[in-house]
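Novice: Each chain, written out:
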Amino acid sequence: MNTPADTIVAPATPFGFGGISVVRLSGPFSEKIVYTITSLPNGKKPLFKPRQSTHTLLVEKNGATFDDGLITFFKSPSSYTGEDSFEISCHGNPTIVQKIIDRCCEEGARMAEPGEFTRRSFINGKIDLLQAESVSSLIYSKSCEGASLNHKILQGKLSKKIIEIKEKIITLLIMVEFELDFSEEDLQPDLRKNLLSKIKPILSEIEKLLSTRKEGRLLTEGALVVITGKPNVGKSTLLNSLTETDRAITSPIPGTTRDSIEVSLLLFGVPVRFCDTAGIRKGAVDVEQEGIRRTKILTQKADLVLCLYEYKKNHTNKQKPVDLRQEIHIINKTDLIMPGELKNLKKLLPNYVFISAKKKDGLNILKRKIKDLLGISSSLSNTFSLTTARQRIALEDTCNCLAAGIKLLQDNNFSCELLSFELCSALDSIDSLLGTTAPNEIINRVFSSFCVGK
Amino acid sequence: MKHKSKHFDVIVVGAGHAGVESVHAAVKLKQRVALVTLDPASLGRMSCNPAIGGIAKGQLVRELDVFGGLMPLISDVSGVQFKLLNLSKGRAVWSPRAQIDKRVYERSAQKALLFHSRLKIFRDEVINVLLIKNKISGVLLRTGQAIHAPTVVLTCGTFLGGLVHIGEQKIQAGRMGEHRAEGITEALESLGIRSGRLKTGTPPRLLRASINWDKTNAVFGDINPIPFSYSTINFSPPNLPCYHIKTNPECHGVIQKNLFKSPMYSGDITGVGPRYCPSIEDKIHRFVDKESHLLYLEPEWTGSDQIYVNGFSTSLPEKIQLIALREIPALKNVEFLRPGYAIEYSFFPPAQLKSSLESKHIQGLFFAGQINGTSGYEEAAAQGLIAGVNASMYNKNQEPLVLGRDEAYIGVLIDDLITKDTSEPYRMFTSRAEFRLLLRYSNADMRLLEKANRFNLITNRLYDTLHKKLKLTSHTIGGLNGSLSQEEIFNILPQLKTKKPPHPAPAKRFLKRPEVSISSIPKRFFTELNNKDINPLWVREIFLEVETQIKYEGYILRQLKQVERMAKQEHVSIPHDIEYSKINTLSKEAREKLQFVRPETLGQAFRVSGVTPADISVLSVLIYK
Numbered sequence: 001m002n003t004p005a006d007t008i009v010a011p012a013t014p015f016g017f018g019g020i021s022v023v024r025l026s027g028p029f030s031e032k033i034v035y036t037i038t039s040l041p042n043g044k045k046p047l048f049k050p051r052q053s054t055h056t057l058l059v060e061k062n063g064a065t066f067d068d069g070l071i072t073f074f075k076s077p078s079s080y081t082g083e084d085s086f087e088i089s090c091h092g093n094p095t096i097v098q099k100i101i102d103r104c105c106e107e108g109a110r111m112a113e114p115g116e117f118t119r120r121s122f123i124n125g126k127i128d129l130l131q132a133e134s135v136s137s138l139i140y141s142k143s144c145e146g147a148s149l150n151h152k153i154l155q156g157k158l159s160k161k162i163i164e165i166k167e168k169i170i171t172l173l174i175m176v177e178f179e180l181d182f183s184e185e186d187l188q189p190d191l192r193k194n195l196l197s198k199i200k201p202i203l204s205e206i207e208k209l210l211s212t213r214k215e216g217r218l219l220t221e222g223a224l225v226v227i228t229g230k231p232n233v234g235k236s237t238l239l240n241s242l243t244e245t246d247r248a249i250t251s252p253i254p255g256t257t258r259d260s261i262e263v264s265l266l267l268f269g270v271p272v273r274f275c276d277t278a279g280i281r282k283g284a285v286d287v288e289q290e291g292i293r294r295t296k297i298l299t300q301k302a303d304l305v306l307c308l309y310e311y312k313k314n315h316t317n318k319q320k321p322v323d324l325r326q327e328i329h330i331i332n333k334t335d336l337i338m339p340g341e342l343k344n345l346k347k348l349l350p351n352y353v354f355i356s357a358k359k360k361d362g363l364n365i366l367k368r369k370i371k372d373l374l375g376i377s378s379s380l381s382n383t384f385s386l387t388t389a390r391q392r393i394a395l396e397d398t399c400n401c402l403a404a405g406i407k408l409l410q411d412n413n414f415s416c417e418l419l420s421f422e423l424c425s426a427l428d429s430i431d432s433l434l435g436t437t438a439p440n441e442i443i444n445r446v447f448s449s450f451c452v453g454k
Numbered sequence: 001m002k003h004k005s006k007h008f009d010v011i012v013v014g015a016g017h018a019g020v021e022s023v024h025a026a027v028k029l030k031q032r033v034a035l036v037t038l039d040p041a042s043l044g045r046m047s048c049n050p051a052i053g054g055i056a057k058g059q060l061v062r063e064l065d066v067f068g069g070l071m072p073l074i075s076d077v078s079g080v081q082f083k084l085l086n087l088s089k090g091r092a093v094w095s096p097r098a099q100i101d102k103r104v105y106e107r108s109a110q111k112a113l114l115f116h117s118r119l120k121i122f123r124d125e126v127i128n129v130l131l132i133k134n135k136i137s138g139v140l141l142r143t144g145q146a147i148h149a150p151t152v153v154l155t156c157g158t159f160l161g162g163l164v165h166i167g168e169q170k171i172q173a174g175r176m177g178e179h180r181a182e183g184i185t186e187a188l189e190s191l192g193i194r195s196g197r198l199k200t201g202t203p204p205r206l207l208r209a210s211i212n213w214d215k216t217n218a219v220f221g222d223i224n225p226i227p228f229s230y231s232t233i234n235f236s237p238p239n240l241p242c243y244h245i246k247t248n249p250e251c252h253g254v255i256q257k258n259l260f261k262s263p264m265y266s267g268d269i270t271g272v273g274p275r276y277c278p279s280i281e282d283k284i285h286r287f288v289d290k291e292s293h294l295l296y297l298e299p300e301w302t303g304s305d306q307i308y309v310n311g312f313s314t315s316l317p318e319k320i321q322l323i324a325l326r327e328i329p330a331l332k333n334v335e336f337l338r339p340g341y342a343i344e345y346s347f348f349p350p351a352q353l354k355s356s357l358e359s360k361h362i363q364g365l366f367f368a369g370q371i372n373g374t375s376g377y378e379e380a381a382a383q384g385l386i387a388g389v390n391a392s393m394y395n396k397n398q399e400p401l402v403l404g405r406d407e408a409y410i411g412v413l414i415d416d417l418i419t420k421d422t423s424e425p426y427r428m429f430t431s432r433a434e435f436r437l438l439l440r441y442s443n444a445d446m447r448l449l450e451k452a453n454r455f456n457l458i459t460n461r462l463y464d465t466l467h468k469k470l471k472l473t474s475h476t477i478g479g480l481n482g483s484l485s486q487e488e489i490f491n492i493l494p495q496l497k498t499k500k501p502p503h504p505a506p507a508k509r510f511l512k513r514p515e516v517s518i519s520s521i522p523k524r525f526f527t528e529l530n531n532k533d534i535n536p537l538w539v540r541e542i543f544l545e546v547e548t549q550i551k552y553e554g555y556i557l558r559q560l561k562q563v564e565r566m567a568k569q570e571h572v573s574i575p576h577d578i579e580y581s582k583i584n585t586l587s588k589e590a591r592e593k594l595q596f597v598r599p600e601t602l603g604q605a606f607r608v609s610g611v612t613p614a615d616i617s618v619l620s621v622l623i624y625k
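Here the protein sequences line up with chains A and B, keeping their order. In terms of the numbering used here, the numbers along the first sequence are unbroken and rise by one, the last being 454. In terms of the numbering used here, the numbers along the second sequence are unbroken and rise by one, the last being 625.
Read the hints as simulated data drawn from the structure, not as lab findings. Take the hints with a grain of salt, since some may be wrong.
Said to hold, decoys possible - Below 25 Å or equal to it, Euclidean Cα-Cα: the simulated PhoX-like pairs (lysine-lysine) are: (1) K588/B with K198/A; (2) K588/B with K75/A; (3) K75/A with K582/B; (4) K193/A with K290/B; (5) K512/B with K407/A; (6) K126/A with K588/B; (7) K99/A with K44/A; (8) K32/A with K582/B; (9) K166/A with K420/B; (10) K407/A with K561/B; (11) K160/A with K193/A; (12) K166/A with K319/B; (13) K582/B with K126/A; (14) K283/B with K319/B.
Unchecked claim - Covered stretches of chain A, as calculated for chain B (at least 3 residues, CB under 8 Å): (15) 45 to 59; (16) 417 to 428.
To be verified - Per the computed footprint, the stretches of chain B lying under chain A, defined by three or more beta-carbons under 8 Å from a beta-carbon of chain A, are: (17) 88 to 101; (18) 423 to 431.
Bear in mind that the values here come from a model prediction, so they are computed numbers and not experimental data. Beta carbons: idealized from backbone N, C-alpha and C, even for Gly.
In isolation and in its complexed conformation, chain A is listed as follows (with noise of 0.2 Å):
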C-alpha cells in the first residue's frame, strides 16, 4: 500500500473503442500534472476552474499535440476521492488513453491499484464501508434497476436503516447493563418480558431486511431461469420465443441440443438469463452425456426451473410432486392439441402453464409467472436491498446473536451477562457493516474487488 500523499491515474472507462474515453486523476499533484500535459490552441496554458469543463489539446512533452479533449476539474474536498481531480474526455481509442496515462506519469503520476480511487475516498470520509461496497456493485450492475439500487445505497440508505437498528439493539443493552452495574436489588421480574418484547420486532426487522437479499441480488446479478425437459419437447424453441431471438437450433431430432445456450433479456426491468439445456434421456451418445451432467448441475443453481413437457394422449402426466416455489410446470405444443380436449386438460391440471412455443400463445402468461416467483415486485426498484455476501452473512450473525439472546430471555433464570453478551456481538457483526470497527482484512477485500479506476 502507498501513502495516499502521492497522484494516481487511472482509465475510468473499459479499455475499448468507443465514442469518448475518460481517464481519470487524483492527489495533490494532479493540477500540475495537468498544466503540463495540456494546451489551449492559441499556444497559451488553460485555467481550470472547479466544477467546469475545459476544452484542450493534449500535448507531448515536445509540444505535438496527440489528440484534444474535454477537461473537468474537481477541486478538493469536493471530489470523489476527497483530493484534488481530474477528469479527462478524450477519443475512445485505447492507444490516445494509454497516451494520456503515459504523459501523467511521465509528469509524476502513477497508475492506480485497483479500487484506489474508492479506498481513497474512504480513508478521507467521503463514504463509509457500506458505501464503497456499493461503488463496486453499482460498476457491475446488468440492469437499470440494480444500477439504482445500488445509487440508493451510495447515498446511504441502507446505512441509515442499519444505523437504525443499531439505535436499538443499543437501547435494549443500556437497559441490561443498568441492572448489570448499578441495580443492587434483584432482577425486576417485568424486565424479561419488556426486553423480549422489545428484541422481537429488531429480529423481524432484521430478517426482513435480509429477505431483501435475494431481489438485491437478482437485480445485479440477473436471475438464472433454466429450462429443462425431454428431448424434443421443444426446449430450445421456447428459449427462442421467449426471446425473441434465434440463438438455439431447433430440429425435429431429438438431442439437437447438446450444450446449454444462454441469452440474457430484461424482464420487467429485471436481467434474466435464460438457459436452454440438453434434454435428459436415457442411452444418449458420449456428448450428449456431458450436456446431461451440466444440465444437472445448472438446474441445482438455478433461481427457477422451467419443466418442459409434451401432451401425449395414450399416458397421462403422472409427474413427482411440484415444488411450486422453483419450478413452473409447462404444458407445450398445445397447437397439437383438440381445442375441447385442452379445456379438460386444463381443469384436470390447473398448476401447469399451457403454451405453444411455436405459435407463441400462452407466452405472457408464462412471463407474469416467472415474474411472481422471483419475487419481482414494482416496488422494488422503491426500496433498499442487500447487494454483497458480506452485508447478508454480518446481518445474519445480528440475527443469530438476537435469536440466542430471546432463547436466553425465555427461561425463568437467565443471565443477564450472557444476554449482554449476545447483545454485544450483534453491534460487533453490525459495526463490521458500517465500518465502525471493521478490522483491515474486511477492509482490504472490499477493495480488491473493485476494478481499476473505481
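Chain A is fixed; fit chain B onto it per the hints.
Specialist: Structure of chain B alone, referenced to chain A:
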C-alpha cells in the same frame, strides 16, 4: 527506619489506598522506600463510605490479592458484613462486597506498614520534584529538606488544591479537617504536564442515638460469607446489618426549594462530578418523577456513634441538609456529627501516562489513584500496586507489569485511563470490560497466578497451594467427561423416565443443561475435593468454577475468539516519533487526540476517544508501509 540517609529507591507521596499499595509492593520487592504524608496517623484511612468491593470493584480486590495486595487481607480482617452482589444476574458478574469497620481497617493497614524495616516515613509535604534532565531524582519537602530516589510515585488523592464546599462556604482542605497539599500542581504544570479539576462529594454523618431505628429496615449480609483473600484461612466475620430508609416528597421539596444554594447549581464549583454517584440535589433535580430514593444507614465501625448516609451525598448548606433529612420519619430528630460536603481537587489527565503508569514526559515519575482522575478505594489501590511494582521494575531495569484487557479488570482500568478522555471521575464497571465473561472474581487466580509469580509478588507457599487448587479444578472438569449410568441420569432428570430410556452419557453434557446444577451430579465425581490439604473455603469456589467453566464453555470460547481478533492490532507498536499533526488524512479531532495521547500500540490508538476506524486505516497504512 534504620537508615539515616536521604537516598532511597522509591519515594511514595501520599498514604491513601494507592500510596499504601505502592509502598507495600515496593518494600516487598526489596526496595528502600520513603513515604511522605501529611499525617502518618491517617495512613490507610477510608475517607468516604465504609465498604470495600462491590460490582466490578470486588473483582479488582480479588485481582489485587493474587498480586499480594494489602487491601484484600485487611478487608477480611476488618469486614463486619460480607455479601455477594448480583446473584440473580449471571455468574460472570457476581461481585463480593464487605461493610468495613473503618477503625480496624486503618489500624491493620498501619500495623502492616508503619514499622517496616525498609520504609522511612516523612511527616511532611512535597512542594516540588527534583529532576536531572527529564529524569526524576527526588522531591523537595516543605520543611526544606530534599530526599532522593530514581523513582517517585505520586498518590496525592483529593489533596491537590482541595477545596471543600458546604453551601456557600468554601474551605481549603484535602479532607474535612485535614490540610491540603499546595505547590506540586504548579510545579508539574511548569514541566508541561496538563492538569484539570474534578469534584466528588460525601454525605453527612449522623449521630447514632438521634436515629429512630424502629422506622428503618435492617439488611444483613450472606450467611455463608466468602473472603476476598486467598490467604484468609479461618473466616468467621460478624454479620452486622445496614439499614434502609427512603426519602419522601416532603424531603424532596426542601431540597428543590433550596437548589440555588448548592454550589453545584450556583456555578461555584467548576469541577466535573461523577454521573454515576450523583448528589441528592442532582437526583431530585434530574429525576423529578421519582417520588422516593433509597438511602442506606451504615455504621462506620463496630459500636460507632457515627452513621454514614449512603445515597445522600450533598453540598447544600448544613442547615438545609438537616431540615431535609428530618422530613424522613426515622430521622425526625436527627443530629449531625458532620455535614455532607463536595470537594474539588486537581488531577492530571492520565492520557499522559504509559501503560506502566509512568509519565510520558518525565522518566521515573509514576502517578496512581485519584490524582489520575479515578474514584474509589479499589481503583486507587489497583493503580497503587501497579505503580509500586513498576517503580521497582524501573529501578531493576526490568520490563514493567502491564495487564491486558482480557486478563484483568486492572488491565481494563489502566488501559481506559491512558486512552480515554477523563471528563468525570473514573469508576470501574463490569460493562467497561469487553471480555467480561472471562474476568470472573472466582477465576482471578487462574488468570493472574503465573504473572504474579513471575514478578515475585506472591509467596511460594501461596503460589503452590493455588497452583494445586487450579489443577484440582481442571482435573474435576476432566473427570466430568466420565459417563453417568442410566440410574444416575434418572436421579438427576426424573422426567426422562417417561420417555425412552437414555443411553449413558458424559456427566458434563447433563451439567450444561440450565436446570441441572453441580450439586445434583453424583458425589463420586468429586472425591478428590475431600482432600484435607485444601483450604475448606476454597472447595465452594472450586465447585463454582467447575460449574461455570462447563456451563459457559460455548461463551468462553466465543470470547477467546474475540480476544484473538483484538490481539492482532494490540501488539502493533506505533513509532515514537510519529508526527500526527502532519498527517493530513487523519481527521482533525484524531490528529489532536493522538498528538496528546501518543498511544504505544495500534490497539491503544483504536480506543482513543474521537479516533474513527478510518483514522485507524490511515495509521495502519502508514505503519505497515
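Novice: Each of the hints needs a verdict: does it hold here or not?
Specialist: Against the structure, the hints:
1. K588/B with K198/A: This hinted pair is violated, its Cα atoms lying about 38 Å apart.
2. K588/B with K75/A: Between K588/B and K75/A the Cα gap is close to 20 Å, so the pair holds against 25 Å.
3. K75/A with K582/B: Holds, at roughly 21 Å.
4. K193/A with K290/B: The given pair, whose Cα atoms are some 22 Å apart, holds under the 25 Å limit.
5. K512/B with K407/A: holds (15 Å)
6. K126/A with K588/B: holds (15 Å)
7. K99/A with K44/A: At roughly 22 Å apart (the allowed maximum being 25 Å), K44/A and K99/A satisfy the hint.
8. K32/A with K582/B: Holds - the C-alpha atoms of K582/B and K32/A are around 22 Å apart, at most 25 Å.
9. K166/A with K420/B: holds (23 Å)
10. K407/A with K561/B: holds (22 Å)
11. K160/A with K193/A: With Cα atoms ~28 Å apart, K160/A and K193/A exceed 25 Å; violated.
12. K166/A with K319/B: violated (48 Å)
13. K582/B with K126/A: Between K582/B and K126/A the Cα gap is close to 20 Å, so the pair holds against 25 Å.
14. K283/B with K319/B: At roughly 19 Å apart (the allowed maximum being 25 Å), K319/B and K283/B satisfy the hint.
15. 45 to 59: violated (count 0)
16. 417 to 428: holds (count 7)
17. 88 to 101: holds (count 6)
18. 423 to 431: holds (count 3)
Hint compliance for this structure: hints 1, 11, 12, 15 are broken, all remaining hints hold.
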